[in-house]
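S.K.: Put together the whole structure using the sequences plus the hints.
Listed here are the chains, written in short residue letters.
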Amino acid sequence: MKFGPKYAAMAAIAAATIALTACGGGGAAGGAAGGPATTLTIGSLADLKSFDPTDAHIGHMMPIYQTAYDTLIRRAPDGTLTPMLATKWSYNADNTVLTLDLRTDVTFSDGTKFDATVAKANLDHFKEAQGTDAYQAASMKSVAVVSPSQIAITLNAPDPAFTYYLTQAEGLVASGKEIGSAGIKTAPDGSGPYVLDTKNSVQGSQYVFTKRAGYWDPSLQKFNTITFKVLTDLTARTNALVSGQIDATLLDPKTGKQADGAGMVLNKYQTDWQGILLYDRDGKINPELANVKVRQAINYAFDRKTILAQQYLGQGTVTDQVFGPESGAYVPALDSTYNYDPAKAKELLKEAGYPNGFTMTIPTMAGFDTINAVFKQQLSDVGIKVNLETVPIANYVADMAAGKYSAATFQLYQGQPWVAINQMIATTALYNPFKSTDPELAAMIKAVQNGGANSAELAKKVNEYVTDNAWFVPMFRLNQMFYTDKKIDVVPQLQQAVPSIYNYTPAK
Amino acid sequence: MFTFILRRLAAGVVVLAAISFLTYFLLYFSSANIARNILGEYASQEQVHAKEIALGLDQPLLTRFFSWAGHAITGDFGTSWFTSQSVVSAISERLPVTLTLVVVAILCIAVVATLLGMAAAVKRGWIDKVVQTGAVIGDAIPGFVLAIVLVTIFAIQMKIFPATSNIAPDAGASAWVASLTLPVIALVINGVTSAAQQIRSAVIKQLEKDYVRTLRSRGISEREILFKHVLRSAAPAGLTVLSLQFVGMLGGVVIIEQIFALPGMGALAVLSTTQGDIPLVMGVVLYTVVIVIIVNLLVDLINGWLNPKVRVS
Chain A
403 MKFGPKYAAM AAIAAATIAL TACGGGGAAG GAAGGPATTL TIGSLADLKS
453 FDPTDAHIGH MMPIYQTAYD TLIRRAPDGT LTPMLATKWS YNADNTVLTL
503 DLRTDVTFSD GTKFDATVAK ANLDHFKEAQ GTDAYQAASM KSVAVVSPSQ
553 IAITLNAPDP AFTYYLTQAE GLVASGKEIG SAGIKTAPDG SGPYVLDTKN
603 SVQGSQYVFT KRAGYWDPSL QKFNTITFKV LTDLTARTNA LVSGQIDATL
653 LDPKTGKQAD GAGMVLNKYQ TDWQGILLYD RDGKINPELA NVKVRQAINY
703 AFDRKTILAQ QYLGQGTVTD QVFGPESGAY VPALDSTYNY DPAKAKELLK
753 EAGYPNGFTM TIPTMAGFDT INAVFKQQLS DVGIKVNLET VPIANYVADM
803 AAGKYSAATF QLYQGQPWVA INQMIATTAL YNPFKSTDPE LAAMIKAVQN
853 GGANSAELAK KVNEYVTDNA WFVPMFRLNQ MFYTDKKIDV VPQLQQAVPS
903 IYNYTPAK
Chain B
860 MFTFILRRLA AGVVVLAAIS FLTYFLLYFS SANIARNILG EYASQEQVHA
910 KEIALGLDQP LLTRFFSWAG HAITGDFGTS WFTSQSVVSA ISERLPVTLT
960 LVVVAILCIA VVATLLGMAA AVKRGWIDKV VQTGAVIGDA IPGFVLAIVL
1010 VTIFAIQMKI FPATSNIAPD AGASAWVASL TLPVIALVIN GVTSAAQQIR
1060 SAVIKQLEKD YVRTLRSRGI SEREILFKHV LRSAAPAGLT VLSLQFVGML
1110 GGVVIIEQIF ALPGMGALAV LSTTQGDIPL VMGVVLYTVV IVIIVNLLVD
1160 LINGWLNPKV RVS
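From first to last, the protein sequence lines stand for chains A and B.
So for the first sequence, this note's numbering puts the first residue at 403; every next one is plus one.
So for the second sequence, this note's numbering puts the first residue at 860; every next one is plus one.
Hints in this document: simulated from the structure, not taken from any laboratory.
These numbers were taken from a predicted model, which means no experiment stands behind them.
Possibly wrong hints are sitting among the right ones.
Said to hold, decoys possible - Simulated coverage check for chain A against chain B, where a stretch passes if three residues somewhere in it have a Cβ under 8 Å from a Cβ of chain B:
hint	region
1	532-545
2	583-589
3	602-616
4	639-646
5	786-798
C-beta: ideal position from N, C-alpha, C; glycine also.
M.R.: Rendered as structure tokens:
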């Protein structure tokens, strides 16, 4: 039986059809050849929960919300606060009342206008909805409408990070008509520079936005279309970038090499620190950890530089403190507090009364397995035996917060000092499950809270305290490997995992 | 025939009910942190507790199951606990992609495996050796390795196909063809060899039978013998393999969908399961079970049509 000419012809036609249609479908996205790019396609690590501003979260999702909504205050790439829906703002003498003057020329997608009543409705709803970032409204007591273009926010107590929160989830402003509605979850109703193209968008897969006509600040509209492709898989993201399907995305040190090879541009910046958090400073689970010498010994046990070189291909900076260099609470001298000295670690353990070391159990999850194996090895070299207990990813944070473990490996973003203190140092902090504190530290924290413009400087004392007392075992600040193609320029956003949407421009 | 179909559908409903309960039962034990995961790390204990009550997570297993089942029977699968999107609309957005991928792959496997299997059975010799060796290799290479190799060669280096899916609601047929070609090729390479093996063995067995000799002695052309008579008798073996592969593919396509970023059911299933989004997981499981039941029924009917000996009276 032979494959006659009929079959061969059919096969050839089929192959040709596929090739021709594929040529049309594949290839690079982007604007006209020769001119600057008019479209921007971003590969997003994470998907939105919904377009409801109360579901907004810092970090990876912020650019998507910023495309659809404006915030009360806008944060420039270097962290300074610039006017957006609020034109100016100021505190009263004791920093408990924040008054904001508002724009009067802003309209939402549904045609309604922005005014003080809408601003108040948004803030009130944000607080009562208790969404993912509800902690940002924790210090807010009430909002008063002073005039159609002015509101006054009264705080329970001074909050040095409050104006920062108004550039984040808390500051997103939706139309007064749609606040809290079911519809806003799938169709954003904001005043932002772009409008969602609902026909072309698929939840969990891609979001397409087109330029808003009549937007009040055309200088923020650098593109005609912005598309977010949700690509949670690292391989898919890398492939999409090097094949020209997306213009910008976050990779990791290993896949970064592939992007380098394809001629992509690396924008390196640091947002997170990675290390071990020694929660049990009061010794409830591991009495040994109550002794500061033991915690310091753990800090001396790690060869941070080598671990960084081997595990992360050197993409990062070794550090001994949890506060970031641009936070204002950074103390350069602190970074030489704990060098790699296993002999000293053993010495300290002996002084603390544990010449033969001790045993502790820490959780591990997919993603930290490799680094935990390294940590376990280095700790066993100084006599501390570590048992790794695998925890499902979905339970990891919850278990830590519930105080199930005396210590854990984690990666946290380095925010402003007051944000960082509330993140892991204050007694109400999520990452201080055993609520460790002492009068000296509490006084320092209080000083930061009431410090006003001096808060960051005063936070240096908190930094020195937690570093000298080895509350944590910071290892390194990791580099975010953010790649763009040659058609796009981008400026990193301080203390944010990915750049804000305003930071992208077509390359000249 | 009619009663046959009815009986199979009734059995299908029983299977559906059993699997729903089993799935719900298994999910019940992982409900511990769902409320916390929905609300985020910073929610207070009271908020988490309030959310648990709102979602019914504090109620006993049977109450929750019957409440869900009661709604499901009327077609109300509820909304996702995490994205608040209706379960039915989330699935109907994604099901066409996965189904198209799997159905096209199975059809391609059917055609290619039949041709390969028959060529190997009839010609023997070197074609036979190639098919047999290919079977081992094709089975051994994991689907995702094939996918990555295909993407690297055809999408990144040769730029013929897109590296990740271009499928969107408004995209035309060309986007679908372009986005699905590489995934289909990966699935076909993986699946064709074992199907070809089965068809090869079945055809060889048929060719040894007496009726083939009789047909030849009557002067009927070799091609007619092969395609009209032998293939019909060898079909059950092939169809069995194909239906098994179809069912396996519905689950196995998850990794392929991840690599190609296809907006299909696989990604939905993985995400909803790891998060503990119970309404969505139940919806995905139910739709999958229904598809499997329908496919099995269709395969049995096709078998019966092709081969009267297999028909149930």
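S.K.: Determine for every hint whether it applies to the structure shown.
M.R.: Hints, verified against the model:
1. 532-545: holds (count 6)
2. 583-589: Answer holds; 3 residues pass the 8 Å Cβ test.
3. 602-616: Holds, because 8 residues of the region 602-616 of chain A bring their Cβ atoms closer than 8 Å to Cβ atoms of chain B.
4. 639-646: That given contact holds, which follows from 5 residues of the region 639-646 of chain A lying within Cβ reach (below 8 Å) of chain B.
5. 786-798: Since 4 is at least three, the answer is holds.
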